[in-house]
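Asks: Now for the letters of each chain:
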Amino acid sequence: MKNIIEGSRAVALTIKMCKPGVVSAYPITPQTHIVEDLARFKADGEADYQYLIAESEFAAASIVLGSSLGGVRSYTASSSQGLLLMTEVLFSIAGLRAPIVLTCANRAISSPINIWNDQQDALTMRDSGWIMLYCEDNQEAIDLHIQAYKIAEAVKFPVMVNMDGFILTHTYEPVDLPGQKEVDAFLPAYKPKRGFYLDSKNPASFGPFVTPTTYMEQRQEMFGDFIGSKTVIKKVAAEFAKKFGRKQGDGLVEYIGSGNEDVVLVAMGSIVGTLRESKKGVNFGILKIKTFRPFPDEEVLKKLSKAKYIAVVDKSISMGAEGILAMELKRVSCGRLKGRIKSFVVGLGGKDITIGVIEKIVKEVKKSDDKIAWVYPE
Amino acid sequence: MPEKILKHNPLFNPGHTACAGCGQAMTIQHITKALGSDVVIVNATGCSEVYSSKYGESAWGQPWVHSLFENSAPLGSGIAAALHQRGNKTTRVVVQGGDGATFDIGFGLISGMWERGDDVLYICYDNEAYMNTGVQSSGSTPHFANTTTTPAGKKNHGSQQYKKNMIDVALAHGLRYMATTTCGYLDDIENKVRKAMTFSGPRYIQILTTCVPGWGTKEDMAVDLGKLASETGLYPVLEYIDGALVNKMKVTKPKPVEEYLKHQKRFIHIIKDPERLAWVQGLAKRNINKYGLDK
Ligand SMILES: Cc1ncc(C[n+]2csc(CCOP(=O)(O)OP(=O)(O)O)c2C)c(N)n1
Ligand code: SF4
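Protein sequences appear in the order of chains A and B.
Offset between the first sequence (1-based) and the working numbering: plus 814.
Offset between the second sequence (1-based) and the working numbering: plus 893.
Take these hints with a grain of salt, some might be off.
Stated by the list, open to error - Each computed DSS-like pair below joins lysine-lysine, with the alpha-carbon atoms no more than 27 Å apart: (1) K1056/B - K1158/B; (2) K1146/B - K1183/B; (3) K1088/B - K1015/A; (4) K816/A - K995/A; (5) K1177/A - K1093/A; (6) K1015/A - K926/B; (7) K1155/B - K1178/B; (8) K1143/B - K1183/B; (9) K1111/B - K1183/B; (10) K1188/B - K1057/B; (11) K970/A - K1007/A; (12) K1005/A - K982/B; (13) K1015/A - K982/B; (14) K1188/B - K1088/B; (15) K1048/A - K833/A; (16) K1005/A - K970/A; (17) K947/B - K970/A; (18) K1088/B - K1143/B; (19) K856/A - K982/B; (20) K1048/B - K947/B; (21) K1015/A - K947/B; (22) K833/A - K1141/B; (23) K1057/B - K1047/B; (24) K1007/A - K947/B; (25) K1007/A - K1155/B; (26) K1180/A - K1122/A; (27) K1116/A - K1152/A; (28) K1178/B - K1120/B; (29) K1056/B - K947/B; (30) K816/A - K1056/A.
Unchecked claim - What follows is a list of derived Cβ distance ranges for each label pair: (31) K1015/A - A1137/B: 43 to 51 Å; (32) R1150/A - N906/B: 47 to 55 Å; (33) D1061/B - T1028/A: 41 to 49 Å; (34) P1106/B - R1150/A: 51 to 59 Å; (35) K856/A - G1067/B: 21 to 29 Å; (36) E996/A - V1139/B: 54 to 62 Å; (37) T1028/A - D1187/B: 49 to 57 Å; (38) E1035/A - P903/B: 23 to 31 Å; (39) N906/B - D998/A: 37 to 45 Å; (40) K856/A - D1061/B: 51 to 59 Å.
Hints in this document: simulated from the structure, not taken from any laboratory.
Note that this is a predicted model, so its numbers are computed, not measured.
Backbone N, C-alpha and C fix where the C-beta goes; we use that ideal spot for every residue, glycine too.
Model the full assembly from the supplied sequences, consistent with the hints where possible.
Replies: Laid out in structure tokens, this is it:
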């Protein structure tokens, strides 16, 4: 049954159905509604997780790291400055292989301070070892959060579910919210194996001091496991599609178009919805990146093999380089794609991305220069 | 009694890489023994983490975890919450860190844990500087102490700051149990740890632990210096339950501070300086008066 609810509420209700044992967070716009709802469910006796008030995002991330290593399903959420404040803990969480799920309500970062949406916050964390999923709309936010726990607990990596701040978090959309029974059947209770959590009956040391003798080997092993999680992400997506009757690509990417388009626009998150709208008038293909980390190299190469002009539409910028997704596309394509790749930066700090902006991109992508293009609405 | 000291403690195994004569490692021996096996230890970054956990050779017989320098308090909160959710009613959480982790970088996070009232015992090994990184000053470094960031030079006399009073800070949080002691009193350490474990909720124990290279002492002085720190009045040994002072180590005839300072190179520059010695003597006197150690 479809309900018209706010994106944040949809996420909070979904998290409640995923039955975490511990929730801890710190308020920041535009993430706040999610954690307020979770506190409310607890206060009304609708949920039996522990809700720990944190005095900062750094504390919240550390609390859920503790509870996750303690063997309990754990949840946190943040945005922007909050996510950046967590940075050190985020790397530690990944290295300690704690299967935490974090919602990032994507927001611009300071300075100058700006509370509106872009995707700079999470992309700055791309090297941390978190699986990074991106939602196009609130239905996908519901679906990906359920999948996130399943993926995280199978591969023992944390998962960050990204949804554009305000555009998704504060928007009321019709969504199909699954029932508790369906979620339980897809996502059974979390039972970590002996030796994989802190247990006085089976004492083990977590997070020891590692010398040059094995540090690099351990990082390489982590890298291998991380890349390997792509198979699980795809498997979970397929299982989800079968059980819930909703399919959004293969879990890693989704191609929208015939596959024969000369011009392909590559993007992540809610902007894909705008691209779908714009496509009604102009002919181009869309490659939606659903999983940014680990990056779906093979899938991207396959989908872009026929494209002549590839426009990467970023809501982020790596200072001194270009759009962050564009850099990624260039890495993947190197010597393997014949299409030209151009970096377009749009929508920073909540700047509108209109159909006019998209039309401009489609026009400009055929210009044979390698300059980064900053595109503004009329 | 070397046989007693060398008796194998399977909760903190030998072969770790602490300096010979480290007051902190000796203290950990006694703490682990007093805690028993049904605990989870969370360790902040610092000497204790480095010398005890080398990959493949962990000294720990209790479940042990290290994440970062400053986040062990909230990690402990999360673990306590997880134990509760799992219905585990016996395993307790102990967080430990140096004075740098406690007085400085983890300070706000410890305050947060105390505010929440989490069932965690926090133990601070107070060696009065950042030893693991090579003796830089911390908020716990005593006035005049020479460290690599408060060097005694031609124009100054070591640290110009005063040791932060964590006792008062801890008490202001309304802790169930709060105690200080030193590595001069190994039985007292064990007793206080055992006593702390009879309470639930937030608890804090701060232990002065000597450091051979950081203080510039001989390797066999840990116990003696631990005692002298208390006997001079410089390190009050106290015990509070629900904010009330229930026990104190009396200092009725305080030893002159020189007796404590003269064994430590970090104070060598003031040992022949009557004016500054008198100043330190004044700090000891202030402690004695503040906590009524002479009564
Ligand atoms: C965020 C961060 N800053 C700095 C460091 C470097 N560092 C590691 S241990 C340490 C000092 C530890 O001092 P203390 O807590 O007093 O413990 P001790 O080594 O004296 O036992 C420092 C500065 C770090 N690991 N993390
Ligand atoms: S440097 Fe000091 S605290 Fe660290 S191991 Fe050596 S004696 Fe112990």
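Asks: If a hint holds in the structure, say so; if it does not, say that too.
Replies: These are the hints, each one checked on the structure:
Straight-line distance between C-alpha atoms of K1056/B and K1158/B comes to about 18 Å, which keeps the hinted pair within the 27 Å bound. Distance check on the hinted pair: K1146/B and K1183/B sit about 16 Å apart at the alpha-carbon level, within 27 Å; holds. Proximity of K1088/B to K1015/A is assessed by CA-CA distance (about 23 Å); at most 27 Å being required, the pair is judged to hold. Proximity of K816/A to K995/A is assessed by CA-CA distance (about 17 Å); at most 27 Å being required, the pair is judged to hold.
Distance check on the hinted pair: K1177/A and K1093/A sit about 13 Å apart at the alpha-carbon level, within 27 Å; holds. Simply put, K1015/A and K926/B have alpha-carbon atoms about 17 Å apart, close enough for the 27 Å limit, and the pair holds. A hinted pair counts as satisfied when its Cα atoms are at most 27 Å apart, and K1155/B with K1178/B qualifies at roughly 18 Å. At most 27 Å may separate the alpha-carbon atoms for a hinted pair to count; K1143/B and K1183/B meet this at roughly 13 Å.
Under the criterion of a C-alpha separation no larger than 27 Å, the hint pairing K1111/B with K1183/B is inconsistent with the structure, at around 32 Å. Proposed proximity of K1188/B and K1057/B is supported: the alpha carbons are some 25 Å apart, at most 27 Å. Proximity of K970/A to K1007/A is assessed by CA-CA distance (about 11 Å); at most 27 Å being required, the pair is judged to hold. Proximity of K1005/A to K982/B is assessed by CA-CA distance (about 18 Å); at most 27 Å being required, the pair is judged to hold.
With a C-alpha separation of about 13 Å, the suggested pair K1015/A and K982/B falls inside the 27 Å cut-off, and the hint holds. As the CA atoms of K1188/B and K1088/B are separated by approximately 24 Å, the hinted pair is consistent with the 27 Å bound. Taking the CA atoms of K1048/A and K833/A, the gap is about 23 Å. The hint holds against a cut of 27 Å. This hinted pair checks out: K1005/A and K970/A have alpha carbons roughly 12 Å apart, not beyond 27 Å.
Between K947/B and K970/A the alpha-carbon distance is near 23 Å, which keeps this suggested pair within the 27 Å criterion. Proposed proximity of K1088/B and K1143/B is supported: the alpha carbons are some 20 Å apart, at most 27 Å. As the CA atoms of K856/A and K982/B are separated by approximately 22 Å, the hinted pair is consistent with the 27 Å bound. Proposed proximity of K1048/B and K947/B is contradicted: the alpha carbons are some 41 Å apart, above 27 Å.
As the CA atoms of K1015/A and K947/B are separated by approximately 22 Å, the hinted pair is consistent with the 27 Å bound. Among the hinted pairs, K833/A with K1141/B is inconsistent with the structure: their alpha-carbon atoms are about 48 Å apart, more than 27 Å. Our distance criterion of 27 Å between C-alpha atoms is met by K1057/B and K1047/B, whose separation comes to about 26 Å. Between K1007/A and K947/B, the direct Cα distance comes to roughly 24 Å. Compliance with the 27 Å bound is thereby established for this hinted pair.
Straight-line distance between C-alpha atoms of K1007/A and K1155/B comes to about 55 Å, which puts the hinted pair past the 27 Å bound. Restraint check: the Cα-Cα separation between K1180/A and K1122/A comes to about 9 Å, which is no more than 27 Å; the hinted pair holds. Note on K1116/A and K1152/A: the hinted pairing holds, with a Cα-Cα distance of about 12 Å set against a maximum of 27 Å. Simply put, K1178/B and K1120/B have alpha-carbon atoms about 17 Å apart, close enough for the 27 Å limit, and the pair holds.
A threshold of 27 Å between alpha carbons decides the hint, and for K1056/B with K947/B the separation of about 32 Å lies outside it, so the pair is violated. Under the criterion of a C-alpha separation no larger than 27 Å, the hint pairing K816/A with K1056/A is consistent with the structure, at around 19 Å. The given range of 43 to 51 Å is broken by K1015/A and A1137/B, whose C-beta atoms sit roughly 37 Å from each other. Evaluation of the 47 to 55 Å hint for R1150/A and N906/B yields a pass: the beta carbon distance comes to about 53 Å.
The hinted window of 41 to 49 Å between D1061/B and T1028/A holds, with their beta carbons roughly 44 Å apart. With their beta carbons about 55 Å apart, P1106/B and R1150/A fall inside the hinted range of 51 to 59 Å. For the pair K856/A and G1067/B, the supplied restraint of 21 to 29 Å holds, since their beta-carbon distance comes to about 24 Å. Taking 54 to 62 Å as the suggested C-beta distance range, the pair E996/A and V1139/B conforms, at roughly 57 Å.
Checked against the hint of 49 to 57 Å, the pair T1028/A and D1187/B passes, with Cβ atoms roughly 55 Å apart. Look at E1035/A against P903/B: about 30 Å separates their beta carbons, and that is inside 23 to 31 Å. Hint check: N906/B to D998/A, Cβ distance near 44 Å, so the stated range 37 to 45 Å holds. Range check, K856/A to D1061/B: Cβ separation about 34 Å, and the 51 to 59 Å hint is violated.
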